[in-house]
Amino acid sequence: MRVGLAERALRRTALLLAALGLAAVAWEVYKAIGPEQGGDIFGWRIIPKTNDRVMPHVWEMFAEFGRPAIGSGDQQVWSVLLGYSWFTLRMAFAGLALGAAIGVGLAVLMARLRIVERGLLPYLVISQTIPLIALAPQVTVIRGTLGLPQWTSAATLAAFLSFFPITVSTLRGLQSVPKASLELMDSYAAGWWTTLVKVRFPSAVPYMIPGFKLAATASVIGVIVTEITLGGLRGVGFATIDYSQKVTSQPASVYAAVFAAAALGLIMFGLVVLSESFVMRKRSRETT
Amino acid sequence: MTETSEPIDVTRAVEVIGASMVFNDGTPARVAALNDVDLVVETGDFVSLIGPSGCGKSTLLRLIANLLDPTAGDVRVNGKPAAQARLDQDYGMAFQKSGLFEWRTAAKNIELPLELKGWDKRLRAERVGEMLDLVKLPDRGSNMPWELSGGQQQRIAIARALASHPPLLLMDEPFGALDEMTREHMQSELLQICAATHTTVVFVTHSIPEAVYLSDRVVVMSAGPGRITDTIDVELGGTRNEDTREKDAFYGKITEVREALRGSEMTGEARGIEDR
Ligand SMILES: Nc1ncnc2c1ncn2[C@@H]1O[C@H](COP(=O)(O)OP(=O)(O)OP(=O)(O)O)[C@@H](O)[C@H]1O
Ligand SMILES: [Mg+2]
Numbered sequence: 000m001r002v003g004l005a006e007r008a009l010r011r012t013a014l015l016l017a018a019l020g021l022a023a024v025a026w027e028v029y030k031a032i033g034p035e036q037g038g039d040i041f042g043w044r045i046i047p048k049t050n051d052r053v054m055p056h057v058w059e060m061f062a063e064f065g066r067p068a069i070g071s072g073d074q075q076v077w078s079v080l081l082g083y084s085w086f087t088l089r090m091a092f093a094g095l096a097l098g099a100a101i102g103v104g105l106a107v108l109m110a111r112l113r114i115v116e117r118g119l120l121p122y123l124v125i126s127q128t129i130p131l132i133a134l135a136p137q138v139t140v141i142r143g144t145l146g147l148p149q150w151t152s153a154a155t156l157a158a159f160l161s162f163f164p165i166t167v168s169t170l171r172g173l174q175s176v177p178k179a180s181l182e183l184m185d186s187y188a189a190g191w192w193t194t195l196v197k198v199r200f201p202s203a204v205p206y207m208i209p210g211f212k213l214a215a216t217a218s219v220i221g222v223i224v225t226e227i228t229l230g231g232l233r234g235v236g237f238a239t240i241d242y243s244q245k246v247t248s249q250p251a252s253v254y255a256a257v258f259a260a261a262a263l264g265l266i267m268f269g270l271v272v273l274s275e276s277f278v279m280r281k282r283s284r285e286t287t
Numbered sequence: 000m001t002e003t004s005e006p007i008d009v010t011r012a013v014e015v016i017g018a019s020m021v022f023n024d025g026t027p028a029r030v031a032a033l034n035d036v037d038l039v040v041e042t043g044d045f046v047s048l049i050g051p052s053g054c055g056k057s058t059l060l061r062l063i064a065n066l067l068d069p070t071a072g073d074v075r076v077n078g079k080p081a082a083q084a085r086l087d088q089d090y091g092m093a094f095q096k097s098g099l100f101e102w103r104t105a106a107k108n109i110e111l112p113l114e115l116k117g118w119d120k121r122l123r124a125e126r127v128g129e130m131l132d133l134v135k136l137p138d139r140g141s142n143m144p145w146e147l148s149g150g151q152q153q154r155i156a157i158a159r160a161l162a163s164h165p166p167l168l169l170m171d172e173p174f175g176a177l178d179e180m181t182r183e184h185m186q187s188e189l190l191q192i193c194a195a196t197h198t199t200v201v202f203v204t205h206s207i208p209e210a211v212y213l214s215d216r217v218v219v220m221s222a223g224p225g226r227i228t229d230t231i232d233v234e235l236g237g238t239r240n241e242d243t244r245e246k247d248a249f250y251g252k253i254t255e256v257r258e259a260l261r262g263s264e265m266t267g268e269a270r271g272i273e274d275r
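Protein chains in written order, with numbering that gives the first Met the number 0: chain A, 0 to 287; chain B, 0 to 275.
If you're looking for bench data, these hints aren't it; they were derived computationally from the structure. Treat the hints loosely; a few may be bogus.
[Stated by the list, open to error] Once the Cα atoms are required to be at most 20 Å apart in a straight line, the calculated EDC-like pairs of lysine to aspartate or glutamate come out as:
hint	chain 1	residue 1	chain 2	residue 2
1	A	Lys197	B	Glu101
2	B	Lys96	B	Asp44
3	B	Lys96	B	Glu183
4	B	Lys96	A	Glu182
5	B	Lys107	A	Asp185
6	A	Lys281	B	Glu179
7	B	Lys246	B	Glu179
8	B	Lys107	A	Glu182
9	A	Lys197	B	Glu114
10	B	Lys135	B	Glu146
11	B	Lys79	B	Asp89
12	A	Lys178	B	Glu172
13	B	Lys107	B	Asp73
14	B	Lys107	B	Asp132
15	A	Lys197	B	Asp119
16	A	Lys245	A	Asp39
17	B	Lys135	B	Asp119
18	B	Lys135	B	Asp178
19	A	Lys178	B	Asp44
20	A	Lys245	A	Glu59
21	A	Lys197	A	Glu275
22	B	Lys79	A	Asp185
23	B	Lys96	A	Asp185
24	A	Lys245	A	Glu27
25	B	Lys116	B	Glu129
26	B	Lys135	B	Glu188
27	A	Lys281	B	Asp68
28	B	Lys96	B	Glu146
29	A	Lys178	B	Glu183
30	A	Lys197	A	Glu182
31	A	Lys48	A	Glu35
32	A	Lys48	A	Glu59
33	B	Lys116	A	Asp185
34	B	Lys116	A	Glu182
35	A	Lys281	B	Asp138
Only chain A is shown next, with the shape it has when bound in the complex (with noise of 0.2 Å):
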């Protein structure tokens, strides 16, 4: 029998919350035995401190999203960080759509021609190398330029984390079609396109999967780390940048604010994850 869709569904997320409840739990016994002011070992101070200013307590952190956001007039933090959360999200999920358009055109190209695939995959993993904080100053210019809107950079950027691992599974998933399945649409004179769309694409689907899980947490990460970089950007990266300022007053709002951020990663990865039972609905579970 196959499981329904909604006990898996479930099964994930009781799996997830029993995964947080036990981080929470090893947060707050390191805080009870670890000592106050932080250890060193071998001279390297790296025994992390446990006094409520860098480790508040984990209900602090969830307090913290009903008290006043500072310098956000009597907003409380949990709406501020919805607002920002859902300018992130957009982002985001423009960053993985035009990194999959990229990843998957690069994709095709790199199975179309050999020479292609030989020419370009060394500079696209050299790519990788590139910090995002070195790139996103030339996005900027370049944006500027063409008189595109300011959020462009950031779902730019996003995609060029997300586009890597999605070509790079892609390129996998439309190689290793069987040669029995390319002879069989061969002996129908079947041309390069038909046999793409009718055989590649459909035996790469399994390999594309991980890609995409991997690049939908990538393109949050690229937009966060642009929205620190680049000002103007008023999103979750923005507020762990801004709360973090304010640490004294409101230790336990920057963690408030990466919690919005690991919220987004999960949505983001939930959205691969549901058309993922989408597509597969039909493959058997063996070859999969």
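For this one, chain A is given, so just place chain B with the ligands on it according to the hints.
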């Protein structure tokens, strides 16, 4: 072959003339898979290719299907060059592994060649229904391939190969992965289907009884380099059914093919012939 001087007969389903196939020529990995092979298959014939592993049976089938071009010689299908026959989809193919696409239902798998030919949707559905009936799986069309048994998958693959009513069917050990019972059952069904649709068949197998039971002619090949060493006509009288397997004539032919294979073994390197 005898008819070298005759003009090419359009009614011939397959005509392989002096075909050779050398893989990786000019490298240390050079393999002479086929050497100067002549083969004629008349329309309506059922011809089996049998021989030791690596003697070039699959390669010969691929030449006929124009999935490979011979390094020398000529291949004609239905009186046309093999390349043209492939473009016209004059043949259907079935392999040892069913090769069904796991993201398509059984019916959708059968429909694929019709889809590629640009058939109208209603006509396609009609033909798929007929094919499902033909392979005796009328109500399994909506099943995914992994929900079917190996024998059922193979029948769907045969239905797919026959869907556009090609005059020629090329099969490479299609029953190789099936158990003996299913295999004999499928053999009888294949004969019925081919009789009903007047399909010419070129059939690669490792099994002597299978070759004898199915074929009008058994072509015996040997390896190193691959070539045809013998052709045995199989006349068993009347229509073939399960009783045919009990007849003395059937056993006689099995012995004859086995001896032909032994003869080819003397020269070639023989492995993997089933004596069942
Ligand atoms: N694409 C290829 N490249 C190189 N060598 C090949 C290729 N295809 C087949 N060969 C070689 O050609 C020879 C004949 O292969 P083929 O697959 O036709 O044998 P076969 O008679 O079908 O064997 P089997 O009964 O095991 O299926 C073998 O030595 C094989 O290694
Ligand atoms: Mg073979």
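Evaluation of the provided hints:
Under the criterion of a C-alpha separation no larger than 20 Å, the hint pairing Lys197 (chain A) with Glu101 (chain B) is consistent with the structure, at around 12 Å. Among the hinted pairs, Lys96 (chain B) with Asp44 (chain B) is inconsistent with the structure: their alpha-carbon atoms are about 24 Å apart, more than 20 Å. Under the criterion of a C-alpha separation no larger than 20 Å, the hint pairing Lys96 (chain B) with Glu183 (chain B) is consistent with the structure, at around 17 Å. With a C-alpha separation of about 13 Å, the suggested pair Lys96 (chain B) and Glu182 (chain A) falls inside the 20 Å cut-off, and the hint holds.
For the suggested pair Lys107 (chain B) and Asp185 (chain A), the alpha carbons sit about 18 Å apart, so the restraint of at most 20 Å is met. The hinted pair formed by Lys281 (chain A) and Glu179 (chain B) fails the criterion: a straight-line CA distance of about 31 Å is larger than 20 Å. Taken as a hint, the Lys246 (chain B) and Glu179 (chain B) pair is honoured in the structure, with Cα atoms around 19 Å apart against an allowance of 20 Å. Taking the CA atoms of Lys107 (chain B) and Glu182 (chain A), the gap is near 19 Å; set against the 20 Å cutoff, the hint holds.
Note on Lys197 (chain A) and Glu114 (chain B): the hinted pairing holds, with a Cα-Cα distance of about 10 Å set against a maximum of 20 Å. Under the criterion of a C-alpha separation no larger than 20 Å, the hint pairing Lys135 (chain B) with Glu146 (chain B) is consistent with the structure, at around 16 Å. Between Lys79 (chain B) and Asp89 (chain B) the alpha-carbon distance is near 10 Å, which keeps this suggested pair within the 20 Å criterion. Our distance criterion of 20 Å between C-alpha atoms is met by Lys178 (chain A) and Glu172 (chain B), whose separation comes to about 16 Å.
This hinted pair does not check out: Lys107 (chain B) and Asp73 (chain B) have alpha carbons roughly 36 Å apart, beyond 20 Å. Pair hint Lys107 (chain B) plus Asp132 (chain B) holds up; C-alpha atoms about 15 Å apart against a cutoff of 20 Å. Restraint check for Lys197 (chain A) and Asp119 (chain B): the C-alpha separation of about 18 Å stays at or below 20 Å, so the hint holds. For the hint linking Lys245 (chain A) to Asp39 (chain A), the alpha-carbon distance of about 27 Å lies beyond 20 Å, and the restraint is violated.
As the CA atoms of Lys135 (chain B) and Asp119 (chain B) are separated by approximately 24 Å, the hinted pair breaks the 20 Å bound. Distance check on the hinted pair: Lys135 (chain B) and Asp178 (chain B) sit about 18 Å apart at the alpha-carbon level, within 20 Å; holds. About 29 Å separates the Cα atoms of Lys178 (chain A) and Asp44 (chain B), which puts this hinted pair outside 20 Å; it is violated. With a C-alpha separation of about 16 Å, the suggested pairing of Lys245 (chain A) with Glu59 (chain A) holds against the 20 Å cut-off.
A C-alpha spacing of about 19 Å is found between Lys197 (chain A) and Glu275 (chain A), which places the hinted pair at or below 20 Å, so the restraint holds. About 18 Å separates the Cα atoms of Lys79 (chain B) and Asp185 (chain A), which keeps this hinted pair within 20 Å; it holds. Of the pairs offered as hints, the one joining Lys96 (chain B) and Asp185 (chain A) holds, with about 17 Å between alpha carbons and a cut-off of 20 Å not exceeded. Pair hint Lys245 (chain A) plus Glu27 (chain A) does not hold up; C-alpha atoms about 23 Å apart against a cutoff of 20 Å.
As the CA atoms of Lys116 (chain B) and Glu129 (chain B) are separated by approximately 18 Å, the hinted pair is consistent with the 20 Å bound. Between Lys135 (chain B) and Glu188 (chain B), the direct Cα distance comes to roughly 9 Å. Compliance with the 20 Å bound is thereby established for this hinted pair. For a cut-off of 20 Å, the pair hint linking Lys281 (chain A) to Asp68 (chain B) is broken: about 38 Å separates their Cα positions. Between Lys96 (chain B) and Glu146 (chain B) the alpha-carbon distance is near 16 Å, which keeps this suggested pair within the 20 Å criterion.
Restraint check for Lys178 (chain A) and Glu183 (chain B): not satisfied, since their Cα atoms lie roughly 28 Å apart, outside the 20 Å limit. Of the pairs offered as hints, the one joining Lys197 (chain A) and Glu182 (chain A) holds, with about 13 Å between alpha carbons and a cut-off of 20 Å not exceeded. For the proposed pair Lys48 (chain A) and Glu35 (chain A), the alpha carbon gap of about 5 Å is at most 20 Å, so the pair holds. Only pairs whose Cα atoms come within 20 Å are accepted, and Lys48 (chain A) paired with Glu59 (chain A) is accepted, the gap being roughly 17 Å.
The straight-line distance between the Cα atoms of Lys116 (chain B) and Asp185 (chain A) is roughly 13 Å, inside the 20 Å bound, and the hint therefore holds. The straight-line distance between the Cα atoms of Lys116 (chain B) and Glu182 (chain A) is roughly 17 Å, inside the 20 Å bound, and the hint therefore holds. A threshold of 20 Å between alpha carbons decides the hint, and for Lys281 (chain A) with Asp138 (chain B) the separation of about 18 Å falls inside it, so the pair holds.
In this structure, the hints that do not hold are numbers 2, 6, 13, 16, 17, 19, 24, 27 and 29, in rising order.
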